[in-house]
Amino acid sequence: NAGVMQNPRHLVRRRGQEARLRCSPMKGHSHVYWYRQLPEEGLKFMVYLQKENIIDESGMPKERFSAEFPKEGPSILRIQQVVRGDSAAYFCASSLTATNTGELFFGEGSRLTVL
Amino acid sequence: DAKTTQPPSMDCAEGRAANLPCNHSTISGNEYVYWYRQIHSQGPQYIIHGLKNNETNEMASLIITEDRKSSTLILPHATLRDTAVYYCIVRVKEDTGRRALTFGSGTRLQVQP
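So the protein lines, in turn, are chains C and A.
Residue numbers for the first sequence follow our numbering, so the first one is 1 and each next one is one higher.
Residue numbers for the second sequence follow our numbering, so the first one is 1 and each next one is one higher.
Please note that the accuracy of each hint is not assured.
With beta-carbon atoms standing in for the labels, derived distance ranges [claimed, not checked]:
| # | chain 1 | residue 1 | chain 2 | residue 2 | range |
| --- | --- | --- | --- | --- | --- |
| 1 | C | GLY73 | A | ASP67 | 40 to 50 Å |
| 2 | A | ALA17 | C | ARG14 | 48 to 58 Å |
| 3 | A | LEU51 | C | GLY73 | 28 to 38 Å |
| 4 | A | GLY104 | C | SER30 | 38 to 48 Å |
If you are wondering where the hints come from, they were derived from the structure by calculation, not from laboratory data.
Since the model is a prediction, treat every value here as computed from it, not as a measurement.
Ideal Cβ positions, reconstructed from N, Cα and C, are used throughout, including at glycine.
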């Protein structure tokens with residue numbers, strides 16, 4: 001049973017370009033969460049999605065960031081017009097149900113470097 | 001979710017038990033204690049959770065005091081690979097508010113050879 005799969009594992013972008021990070025949850029999981037971890041800092045919640053719906057985006061920056069989790073396919077975190085401050089590790093997690101959201105399964109992360 | 005307090009760092013000798021404390025004095029009756037860890041550069045890993053009874057799995061044991069105001073995560077025979085940041089999180093299990101898990105600063109455990 002494959003775990004949470006994230007790709008790419010490493011992504012380099014120049015300022016102003018777009019970054020797309022993908023997350024395939026564990027089989028059977030329909031709840032996806034995105035977290036960001038800046039260098040030497042803690043994990044910060046960004047957005048919580050359930051198939052085709054955004055449940056909580058309170059941690060998402062208002063500009064340039066968007067997330068989706070379509071009916072078919074992986075969840076996508078999209079960062080437009082990247083800046084150096086977007087350089088971070090982005091972790092995706094999934095859970096089986098909405099009633100056990102304390103037990104999350106995380107991917108290995110996507111590391112974005114903005115030059 | 002109830003606030004938790006953890007020491008910022010701890011050391012442990014390899015092969016010895018690592019006992020990681022967590023205070024959660026404002027915990028509510030329906031809130032569980034969850035533990036995660038994050039090994040350097042990896043994704044966080046769920047370890048264990050409990051409500052009021054002590055719990056044990058293949059990774060660790062969780063001891064919750066009778067008044068539930070504090071708990072201890074025990075790694076019975078720490079190895080170098082257990083060096084990580086350990087997070088104690090308190091929250092309801094069935095979150096009808098549908099809020100995501102939030103991580104604090106955790107305890108940085110360094111297992112020494």
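Hints, one by one, checked against the model:
Checked against the hint of 40 to 50 Å, the C-beta distance between GLY73 of chain C and ASP67 of chain A comes to roughly 48 Å, which is consistent with it. Distance hint check: the CB atoms of ALA17 of chain A and ARG14 of chain C are about 49 Å apart, consistent with the given range 48 to 58 Å. The hint said 28 to 38 Å for the Cβ distance between LEU51 of chain A and GLY73 of chain C, and at roughly 37 Å that hint holds. Separated by about 27 Å at the C-beta atoms, GLY104 of chain A and SER30 of chain C break the suggested range of 38 to 48 Å.
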